[in-house]
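Just need the whole structure built from these sequences, with the hints factored in.
These are the residues of each chain, in order.
2 protein chains.
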Amino acid sequence: MTDTPASPSAQPAPEARRGREARKAARSARGAVSVPYISRNLPLTEVLSEEGLKLIVANAEMLCQEIGLEFRDYPSALERFKAAGADIKGNRVRFPKGLLRQLCATAPADYIQHARNPARSVHIGGKDTVFAPVYGSPFVTDLDQGRRYGTIEDFRNFVKLAYVSPHMHHSGGTVCEPVDLPVNKRHLDMVYSHIKYSDKPFMGSVTHPERARDTVRMAEIVFGKAFLETNTVVTSLINANSPLVWDSSMLGAAEAYAAANQATIITPFILSGAMSPVSVAGTLTQVLAEVMAGTAFCQLVRPGAPVIFGTFVSTLSMQSGAPTFGTPEASLAIYGAAQLARFMKMPFRTGGSLCASKVPDAQAAYESANTLIPTIHAGTNFVLHAAGWLEGGLASSYEKFVMDCDQLGQMHVLAKGIDLSENAQALDAFREVGPGGHFLGCAHTQANFESAFYRSFTADNNSVEQWMAEGSQDAYVRANKIWKKWLADYEAPPLDPAVDEALLAFIAEKKASMPDANY
Amino acid sequence: MTDTPASPSAQPAPEARRGREARKAARSARGAVSVPYISRNLPLTEVLSEEGLKLIVANAEMLCQEIGLEFRDYPSALERFKAAGADIKGNRVRFPKGLLRQLCATAPADYIQHARNPARSVHIGGKDTVFAPVYGSPFVTDLDQGRRYGTIEDFRNFVKLAYVSPHMHHSGGTVCEPVDLPVNKRHLDMVYSHIKYSDKPFMGSVTHPERARDTVRMAEIVFGKAFLETNTVVTSLINANSPLVWDSSMLGAAEAYAAANQATIITPFILSGAMSPVSVAGTLTQVLAEVMAGTAFCQLVRPGAPVIFGTFVSTLSMQSGAPTFGTPEASLAIYGAAQLARFMKMPFRTGGSLCASKVPDAQAAYESANTLIPTIHAGTNFVLHAAGWLEGGLASSYEKFVMDCDQLGQMHVLAKGIDLSENAQALDAFREVGPGGHFLGCAHTQANFESAFYRSFTADNNSVEQWMAEGSQDAYVRANKIWKKWLADYEAPPLDPAVDEALLAFIAEKKASMPDANY
Chain A
1 MTDTPASPSA
11 QPAPEARRGR
21 EARKAARSAR
31 GAVSVPYISR
41 NLPLTEVLSE
51 EGLKLIVANA
61 EMLCQEIGLE
71 FRDYPSALER
81 FKAAGADIKG
91 NRVRFPKGLL
101 RQLCATAPAD
111 YIQHARNPAR
121 SVHIGGKDTV
131 FAPVYGSPFV
141 TDLDQGRRYG
151 TIEDFRNFVK
161 LAYVSPHMHH
171 SGGTVCEPVD
181 LPVNKRHLDM
191 VYSHIKYSDK
201 PFMGSVTHPE
211 RARDTVRMAE
221 IVFGKAFLET
231 NTVVTSLINA
241 NSPLVWDSSM
251 LGAAEAYAAA
261 NQATIITPFI
271 LSGAMSPVSV
281 AGTLTQVLAE
291 VMAGTAFCQL
301 VRPGAPVIFG
311 TFVSTLSMQS
321 GAPTFGTPEA
331 SLAIYGAAQL
341 ARFMKMPFRT
351 GGSLCASKVP
361 DAQAAYESAN
371 TLIPTIHAGT
381 NFVLHAAGWL
391 EGGLASSYEK
401 FVMDCDQLGQ
411 MHVLAKGIDL
421 SENAQALDAF
431 REVGPGGHFL
441 GCAHTQANFE
451 SAFYRSFTAD
461 NNSVEQWMAE
471 GSQDAYVRAN
481 KIWKKWLADY
491 EAPPLDPAVD
501 EALLAFIAEK
511 KASMPDANY
Chain B
1 MTDTPASPSA
11 QPAPEARRGR
21 EARKAARSAR
31 GAVSVPYISR
41 NLPLTEVLSE
51 EGLKLIVANA
61 EMLCQEIGLE
71 FRDYPSALER
81 FKAAGADIKG
91 NRVRFPKGLL
101 RQLCATAPAD
111 YIQHARNPAR
121 SVHIGGKDTV
131 FAPVYGSPFV
141 TDLDQGRRYG
151 TIEDFRNFVK
161 LAYVSPHMHH
171 SGGTVCEPVD
181 LPVNKRHLDM
191 VYSHIKYSDK
201 PFMGSVTHPE
211 RARDTVRMAE
221 IVFGKAFLET
231 NTVVTSLINA
241 NSPLVWDSSM
251 LGAAEAYAAA
261 NQATIITPFI
271 LSGAMSPVSV
281 AGTLTQVLAE
291 VMAGTAFCQL
301 VRPGAPVIFG
311 TFVSTLSMQS
321 GAPTFGTPEA
331 SLAIYGAAQL
341 ARFMKMPFRT
351 GGSLCASKVP
361 DAQAAYESAN
371 TLIPTIHAGT
381 NFVLHAAGWL
391 EGGLASSYEK
401 FVMDCDQLGQ
411 MHVLAKGIDL
421 SENAQALDAF
431 REVGPGGHFL
441 GCAHTQANFE
451 SAFYRSFTAD
461 NNSVEQWMAE
471 GSQDAYVRAN
481 KIWKKWLADY
491 EAPPLDPAVD
501 EALLAFIAEK
511 KASMPDANY
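Those protein sequence lines, which keep their order, are chains A and B.
Under my numbering, the residues of the first sequence are numbered 1 to 519, in order.
Under my numbering, the residues of the second sequence are numbered 1 to 519, in order.
These are computed hints drawn from the structure, not numbers from a lab.
Hints may be right or wrong, so weigh each one.
In this list, chains with the same sequence are indistinguishable; a pair is considered to hold if it fits within one copy or across any two.
As a list, the in silico DSS-like pairs of lysine-lysine whose alpha-carbon atoms are at most 30 angstroms apart [said to hold, decoys possible]: (1) 54 - 89; (2) 416 - 89; (3) 97 - 82; (4) 127 - 416; (5) 127 - 485; (6) 97 - 54; (7) 97 - 345; (8) 185 - 89; (9) 127 - 54; (10) 345 - 416; (11) 511 - 54; (12) 345 - 484; (13) 511 - 185; (14) 225 - 196.
Following this line, the structure appears as structure tokens:
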């Protein structure tokens with residue numbers, strides 16, 4: 001599980017061609033250009049001393065031993081834990097000291113999630129960071145139409161935007177809820193959209209064990225049944241019902257994926273102050289307890305099944321009870337949880353571009369940056385909600401999606417650290433220019449200017465006069481044009497027609513087998 | 001120079017009083033409440049390995065020896081350097097290996113800048129971080145009146161806002177240019193405004209040696225001449241004329257301050273790609289060379305005079321030539337320069353809340369956060385431009401000032417790190433609440449909720465329905481109301497009438513002694 005796939009390097013644009021063919025080729029190239037996932041060359045920022053880390057671990061062990069966790073309405077989980085040596089009383093499971101860590105030890109330190117286009121496969125763990133879009137919003141919003149329920153059309157649009165974005169490595173999962181489709185069938189259209197409109201890796205359905213199994217079946221159609229037996233092609237999000245509860249639908253989905261050797265992100269979803277104590281240290285203690293228990297369950301189902309140590313922690317306004325994002329306490333929780341994941345020798349998921357703002361304004365950007373930068377400095381391996389999140393996750397925003405993608409591009413450069421090559425040292429440039437000179441025209445600048453600095457595609461760096469002449473457009477207005485251009489330029493990656501046909505046949509058969517239902 | 005002042009703790013609000021007196025008291029208390037400068041409890045983020053750091057140092061030494069720096073139109077600087085053993089050819093000064101570091105060794109590792117209110121004195125260096133407002137903008141802007149030249153009225157307003165902001169530790173310097181006053185006299189009004197309308201520490205004039213001396217004279221009126229001989233009460237900004245040039249006006253001001261035992265921030269002001277090589281490593285090399293040369297000059301003037309290792313590095317758009325801010329290369333330069341300052345055992349200044357945006361929109365906030373967070377993680381001691389910077393520093397923004405101040409408040413919490421006290425561990429809360437419970441009402445939450453989380457005063461965390469009912473105001477519109485309230489609530493700190501009179505008499509005499517001039 002420690003091999004890395006061949007590095008999917010950015011594909012160069014093709015030679016110029018003429019007329020319609022050239023434009024078509026340019027569009028294809030645009031879609032195809034992709035930057036490989038980040039391999040960090042930055043030291044980690046760690047906020048807990050070794051002593052502090054040990055304290056949190058000891059408290060979490062105590063929590064699991066003395067108070068325990070509940071595994072609700074899922075007898076097979078209780079049976080598995082009982083057989084493994086835990087103490088069971090009703091739904092409550094208490095773990096003798098050391099048992100959980102021992103059970104978690106079979107979880108791999110890293111894994112490869114294969115994409116149907118091998119150049120887009122991602123390595124989850126170690127020094128690598130993978131970005132995935134916003135997940136789970138019932139609403140979508142854009143500057144033209146405002147806020148409304150998401151549809152399958154919106155869903156496809158976000159899949160396409162994630163495919164076009166060169167700095168998004170993953171197609172994600174529920175990029176918005178397609179509320180226009182029946183709940184018991186929409187997972188089929190969602191998984192199909194990820195496969196059809198993108199060739200990046202994707203996430204599966206978790207709302208029911210049968211829907212998780214459908215995801216696996218569709219993946220088998222794409223990758224072949226034999227391939228899935230020894231390889232991971234789906235990573236899916238399993239949230240705890242915090243505090244200290246795992247419920248049946250999540251356990252069922254986790255079991256289905258683990259049994260099929262597919263990856264799960266075992267994630268305490270916590271608004272601190274309500275679902276955990278009103279302190280970072282207390283919250284981290286709970287995070288570790290919940291992740292250990294969820295991971296142990298997956299390892300009992302199938303030792304060696306890939307599991308990501310997930311953490312979603314934000315805070316509450318203790319005055320209004322509203323969730324708040326990008327707060328300093330949430331940043332500290334990101335850093336601390338990353339250390340806990342490393343302690344557990346597991347890949348880590350947290351963070352993203354989170355905010356409470358209702359529009360992509362300064363509040364949205366401050367809060368998102370306050371989440372994303374710690375996410376990078378903490379050494380996060382899988383970043384869900386990396387782009388498009390607005391309004392506490394209630395809405396997927398088209399404009400914020402492209403704004404955030406620009407920030408993701410910047411994080412690629414930051415994570416590379418400082419280039420100390422002879423070229424970067426630039427000693428000849430000093431010799432050529434000297435005191436009082438200008439570097440713009442010197443040989444070193446001429447040789448390096450094209451690739452020297454990250455180029456933002458959302459920032460306006462013009463003079464105020466130029467900016468006013470162009471209509472005084474703020475970032476929101478400019479981003480509106482960008483996502484429309486991305487969608488206009490989108491061209492689907494090729495999909496084997498036989499595979500497409502088999503997927504559609506599977507979906508048709510599944511849909512015909514049950515009535516529409518909204519649960 | 002290593003003593004720290006008595007910790008200026010936040011002053012509690014007074015007991016409730018009745019009627020007008022109570023309101024007046026509340027206003028006073030609001031102005032007076034101030035959070036002490038940050039004492040970091042976070043480990044540093046360092047991007048250069050020890051080997052990388054040594055490489056940059058060796059290259060900078062080579063630069064100073066082989067290429068040298070120019071000290072223009074300032075013969076006394078050349079004489080001082082010649083006497084110290086440097087090689088002088090015209091204005092070009094080359095330094096034998098090791099000489100500059102030897103000359104810089106007398107610069108103190110830290111110092112106290114005294115404020116006229118001793119509770120507001122700040123410790124510059126070590127683990128401490130001090131925030132100061134935007135500096136040097138010719139324009140100001142707000143939502144009502146738009147962009148216009150700054151006036152002395154605007155200047156006073158920004159001094160008042162910095163005084164009212166609980167998370168701003170310093171009154172700064174040229175918070176905007178008072179363009180309505182003659183250039184050769186406005187420094188008198190600026191320094192007076194800092195003394196009169198605030199009791200926080202401040203910065204002096206640097207546009208002419210005589211204006212620096214005027215600043216020192218006014219400080220002597222406030223603090224007493226004897227006090228200044230052994231204490232530092234002014235910190236002023238001395239910019240290099242990059243690349244590798246120190247010019248006469250800056251050298252003259254630096255000499256005036258150093259001679260009076262007052263602090264200077266020796267700062268390469270660099271747009272990388274034009275004023276330094278188009279690489280971070282090359283830029284850091286130049287930064288170190290320029291800071292060492294400027295610091296050595298101050299130490300030759302007066303060994304032991306406080307000097308801050310300053311760095312202002314941003315990037316150019318290599319396509320349009322426009323300055324860009326909040327870029328990943330600038331973040332890396334912040335981290336790298338901080339390591340160089342620690343290598344030199346000097347306090348460090350960089351960063352702030354920088355952006356290129358013309359309005360306080362998402363671009364402004366992303367870029368500002370991309371600057372401010374690295375500023376904090378790098379361990380910066382003095383943060384100029386911490387609030388109010390807009391449009392590449394061309395405009396001081398009223399709305400962005402309060403937005404940024406809110407971010408500064410958050411940085412106070414981040415820099416504290418994770419509280420691991422028994423209370424923060426919250427084990428009793430787990431025992432009380434248990435799996436599936438709710439922490440909102442538990443004893444631990446009740447005891448801690450008031451101080452548990454930082455409370456943003458600019459964010460809107462309400463539901464979208466509530467937000468729409470209140471007029472769908474974005475952060476820009478909300479911030480407009482906040483700065484107006486701050487100014488309305490402002491009440492000047494007491495100033496000894498005899499001191500005030502002496503200051504006004506000095507200013508009147510100086511102004512009468514010369515004609516108005518705009519140079």
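- [ ] Just pull the numbers of the violated hints for me, sorted ascending.
- [x] 2, 5, 8, 11, 12
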